[in-house]
Every structure is written in C-alpha cells, then in structure tokens.
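*Asks:* Spelled out, the chains give:
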Amino acid sequence: MKSRVWWLVLAALLPLPAMALTGEEVMKQSQAAFLYPGKDFKARVTMKLIGKDGGERVRELVMLRKNFGAPGGEQKYFMVFFKPADVKDMSFMTYKYPAKDDDRWMFIPAVNMVKRIAAQDNRSSFVGSDFTYEDVSGRDIEDDSHVIEREEKLGGQDCYVVKSTPKKGDADFGHKITWVAKANFLPLKEDQFDRKGAAYKLFTADEVVVIKGHPTVIRRTMKNQQSGHRTEVTYANTDYELGIEDSLFSERFLRQPPRKWLE
Amino acid sequence: MLTRIALPAVLLVWLLTPMLARADVAFSGFLQQNTAFNTREANPDGRHYKWLEERAQLKLDASNGAWRLLAKGDLAWDHLGRQDQSELRELYVDYTASNWDTRIGRQVITWGLGDLVFVNDVFPKDHEAQFSGRPLDYLKRGVDAVKLGAYAEFANFELVLAPAFRESTIPDARRFHLYDPMPAVTTRGTIKPEQGDVGLRIYRDVDGWDAALYVYRGFQRTPSMRPDSMTAPTRIDYFYPQLSVYGASASGRAGDGVLSLEAAAYDSRQDLSGSDFAVPNSQTRLLAGYQIQPMEDVSLGLQYYVEHMHDYDAYRAALPAGFSIDKRWSHTVTARWTQFFLHQTLRFSVYTSYNDSNGDYFANPELRYSFTDKIWGTVGANYYGGKPWGQFGQLERDDNVYLQVRYEF
Chain A
-9 MKSRVWWLVL
1 AALLPLPAMA
11 LTGEEVMKQS
21 QAAFLYPGKD
31 FKARVTMKLI
41 GKDGGERVRE
51 LVMLRKNFGA
61 PGGEQKYFMV
71 FFKPADVKDM
81 SFMTYKYPAK
91 DDDRWMFIPA
101 VNMVKRIAAQ
111 DNRSSFVGSD
121 FTYEDVSGRD
131 IEDDSHVIER
141 EEKLGGQDCY
151 VVKSTPKKGD
161 ADFGHKITWV
171 AKANFLPLKE
181 DQFDRKGAAY
191 KLFTADEVVV
201 IKGHPTVIRR
211 TMKNQQSGHR
221 TEVTYANTDY
231 ELGIEDSLFS
241 ERFLRQPPRK
251 WLE
Chain B
48 MLTRIALPAV
58 LLVWLLTPML
68 ARADVAFSGF
78 LQQNTAFNTR
88 EANPDGRHYK
98 WLEERAQLKL
108 DASNGAWRLL
118 AKGDLAWDHL
128 GRQDQSELRE
138 LYVDYTASNW
148 DTRIGRQVIT
158 WGLGDLVFVN
168 DVFPKDHEAQ
178 FSGRPLDYLK
188 RGVDAVKLGA
198 YAEFANFELV
208 LAPAFRESTI
218 PDARRFHLYD
228 PMPAVTTRGT
238 IKPEQGDVGL
248 RIYRDVDGWD
258 AALYVYRGFQ
268 RTPSMRPDSM
278 TAPTRIDYFY
288 PQLSVYGASA
298 SGRAGDGVLS
308 LEAAAYDSRQ
318 DLSGSDFAVP
328 NSQTRLLAGY
338 QIQPMEDVSL
348 GLQYYVEHMH
358 DYDAYRAALP
368 AGFSIDKRWS
378 HTVTARWTQF
388 FLHQTLRFSV
398 YTSYNDSNGD
408 YFANPELRYS
418 FTDKIWGTVG
428 ANYYGGKPWG
438 QFGQLERDDN
448 VYLQVRYEF
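Chains as they are written, first to last, in my numbering: chain A, -9 to 253; chain B, 48 to 456.
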C-alpha cells in the first residue's frame, strides 16, 4: 500500500514531456496552436496562385477569426476580398462547428444580396487556390486516425511525425504525414498522398514569427505535386486579442464590413 | 444626359469636400464592351443586335469615421440608336452608429432568396438587361431612398422610404417581339405614380435559420395597360397599379444543402375584387429552393415556384374576348448548374426555367473566363420559348448570343 502511494507521488513529480503523447493528442495540440491561438485574430492575406508555367494570379483578403469556446470548439470567420477586381467587396462568413457541417454566407455586391451557401464539401478549393476550406479553417481531428510514426528533426527543430489516415474513404487524400514542432506544436510540413499512395500536396510553413506570444505561420506554401500548381500565402498586419465583437459575424456587417477591421 | 449625372455629383462632392479632405478615398472602375446578336430573327426595328455598346464605370468610395460616400456612374455609348446611355448607378451616403445605421441616396436593394424568381424582392429590376445578355450588376436598378437599419437583441429592422417611385425597366418593343393584344392602337402614354413607396424587413436568426418578414406598400414595378375603350380603342395608357406585399422567408441547412423557403401575399389594392382586367389579380407566391454542392467546384440550385390568383372567377368574368387567359395556378421549376475550372478562373453556368401552365421556358448557358486578374470575358446565350403571351414565350424570336469583355481597374 505504502509503496503504491510513493509511486503515485513519483509519477506526479515527473516532468510532463516524459508522458508520451498519442498521435491524436499531438494533432489536437497542433490544431490549437495553428488555428486557435488567441481569443481572436486578424490578418491581411495575400494568396499567390502560381501555375506550372509561372503564371500568377493574386487573391487578397482580410481574414478575421473569433473563438467561441476552447480549442477544437466553435469558431467564426469573416473575410472581405480586395483582389481580384471582380470579387472586390465580396465578403464571406463561416460559422465553424466541431463535428458538424459549417454554416456559410456570402455577400454578392453586384446584386447587394446576402446568400447562405451549401458547405458540405470542406475538401473543395478555397477561392481556386491549392488550399482547401479545411486547410484554412481546420479539419475535424476525429475524421482521421493519427499515429506518431517517429520523432525527427526538421530544419533543426525537433518534430513529431504523425501519420493521419481518414476514417472514411470520402477524402481526396489517402493519408498525410505531418511534421509537428515539439516546441510550439505548429505544423512545419505536411505531406499528403492520394488514395493510390502517390505524392499529392505538400504544405510547408515557410516563416514563423511570434506575435503577442503566439508563434504564427506568416508565410506558407501548398504545392500540388501532381499538377505543379502552387499557392503561396503571406499574412500581413497579423494581430491577436483585438476585441472583435460578436456582432461582427452578422448579415449587417457582411453587407457593410466595418472599416476598422479592414486594414 | 451627362449633366444629369454631373450636376448632382458635383454638388454632392462640393458639399462633402470638408469630409472628403480627411477621408480615405478610393477610385476604381471598368471599361466594358457588350454585344448581343440575334440568332433567329431581326428585331422589330430591323436591327440584328439586342445590345451593342461600350461602357466605362467610375466608382468613388470615400469614408471618414462613421461616414461613407459611394458614387458609381456610367458613361456609355449605344450603337443601336439610343446613343448616350450615361447614368448614375448609385450615389449614397452611409452613417453607421453602434445599433443603427442609415443609407441615403440612390442604392440597390435586394430582398428575398430567389434566383431570378422574385417573391419578396419588390425593388426595381432591369428585365431588359437580363434578356439582352448584360452582366449581372445590371439586373437591378437603384432606388432613390432613405434606408434605416436598427439592430436590437431580438430582431433587426430595415425600413426603406422612397419619396419617388422608380419602375423596373422592361424590354424595348423596338428590340424585342413583345406580346401586344392591341397592335393597331399606336397612341400610347405612361402614367407614373406621384407618390413614393415604403418597405420594412424584419429579420433574425431562429434556431440556426435565417428568418425574415417583409411588408411593402407601393406599386407594381412593371406597367399594366388600359385602353380608353374596349370596343373602339384609340389610346392606351400604361400605369403602375397600387400594390401591397406581405411576405416571409427562411433559409437554413437541410441535409447536405441549403433550403430556402419564401412566401408572399400580393394585395392588388387597385382592384380588390379582381374584376378589373387591366390590373393584376391579387396573388399568393410561394418559392422553395434547394442548393447543394454535388462535387468539388460545382453548385446546383433547384427552385419550385408557384403563383396563385386569388379572384380567378372575377378575373375570368372580366377578361375581354381575345385576351390570353392565365391559369389560376402557375407552376415554375428552375435549375442552375455552376461549375468552376482552372483554379476558378473559368466558370460555366446554365440557368433554365420552365413553366407548366403556359409552356414558358428560358435557358441561359454562360461561359466566363478571367484572362488576367483584371480582364474577364463572357460568352453566353439566351433561349426563349412558350406561348406567345407568356413572359418568355413572347420572346421566342429574340434568342440571342452575347459577349461581355471587361477590364477592371
């Protein structure tokens, strides 16, 4: 009896890292670090869509995000487009729920109309880029099974290497390997394979800076290795803890986005 | 024509100069070529084009604190006889406070959930633009109005007060083969309402659904015609009958898609008994729409739309001999398929509509490509058919293929 108590005390005194994380826990912490930092978040996002031949298209938008609950919980996203010219002033709002389809709305300036839009396919391309909706706002952790394959260094940083395999066969990828930095849990690299096992999309976090204490990927690339097309994303004016009001995520402001959030 | 835009614009800019001096000001606009040519027959005026024009749009967007000014004006040249088609598309001032806001001036307002089916959207449209292959931004006409928005915990309110009535644009009889029950009467005039109109929309979230109520008191946006005599007419007057609309809508997630439901009662105040053949009968309009994303980069929208005449027996009894007879119930189905290709730079869409009571149909396939981030071009077609007095049937000989090219800056 006495020795058992001693064992418990000893276990409690051991530093946390010694407790082995499961693949699922790594991916949960990674999601929290990558998509949930801060109460709210803002960035001016520039997406360069670059073709195999080098041809370039630019999409520019402001993205605002607010968390409602703990990491992995409900979030609301608000986006306003600046470029290209034919989508200028278009705005877009998502209520993201864990384990349930998102609600999405779009404001179409040409006819001054707010429209609710269907959103069951989170694997579809976000504004024509190589990123999917899920790449932008997250994929449910429970949709895949996660296994730590190994631990290794990537660019000098200690990483968990996690293999994630969709539980259902309806994803466009067969499995993916993610390098998650042990220090801050950001995904530094993600190698996606198609359902036949061939190299598919490759995500890289190209620049990480710390903003208000939150390590933030401000430059990232997603390359489709099969088509040669890639998308480079840069965040500017990134900020956290801005005090974004709940009321922002409404039809009123979808029609007339407040200028203070558009810088 | 030009002075009609320039004068109020200059006045407004002068009035707002102190504000503009400190404001964030952005200029943008586009240059556009738009051509639509007939594929079946020449126009009634003998021309072969439905549309042939060059257009430039200039947009000024200035804001300063709670204030914002937006001015959007077009300079356009029509090659089919109208010549200078310059117009002030929008010109308004916004003031935004925490729980309310207002927009004063010419503005586009769209209510309801329909896709080219209008149940609660009582605001002016440009039907000619729709039928002659013009870009979507020309589907709606602005209203000159004061719009007040109030945002409370329990609901949001949008009140629209228009001191002067603005009608929808209907197709020009020189360009379109419009149904005319009295072609021999050539003396015609138009009487516009001297009053304005008022509308109220109340909306909120109800258990994850976007719900709204609508009330409108004003006039029909498209004219009715009244001959001076039924036996020996010498003159026809077009007029806009008094109308009130009471409606509701809801949209939310259902299954894998979005379900939209809309209903409205059209109270034809100028003919409460339904016995005046020149005034549209009171109606109920019902719309159900469903939109899904069957695969990546594809959207499919389906609509089922019903119109029901309230005083059908009175309508039939009053209808003069020789006039076409509408049915008590009218059922319309529409479908729209939209698909993106090449990283969403190429868009294919097709809209079709079919009405089972008069066989009316309309099909509009369209292909649009963004050559660069600033230049896009569209090629599309409008096909019409049905009975000669139907909304689309009368346009049977007006099938056209259109081209739009726009450079945006």
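Please note that a few of the clues may not be correct.
[Said to hold, decoys possible] With a straight-line cut-off of 30 Å between C-alpha atoms, the simulated DSSO-like cross-links for lysine-lysine are:
no.	chain 1	residue 1	chain 2	residue 2
1	B	106	A	78
2	A	38	B	239
3	B	106	A	73
4	B	239	A	250
5	B	106	A	213
6	A	179	A	157
7	A	42	B	421
8	A	78	B	421
9	B	374	A	73
10	A	250	B	434
11	B	106	A	105
12	A	42	A	29
13	B	434	A	105
14	B	434	A	38
Calculated directly from the structure, the hints in this document are not laboratory data.
*Asks:* Could you tell me which of the hints above the structure violates, numbers in ascending order?
*Replies:* When the structure is compared with the hints, numbers 2, 4, 5, 9, 10, 12, 13, 14 turn out to be violated.
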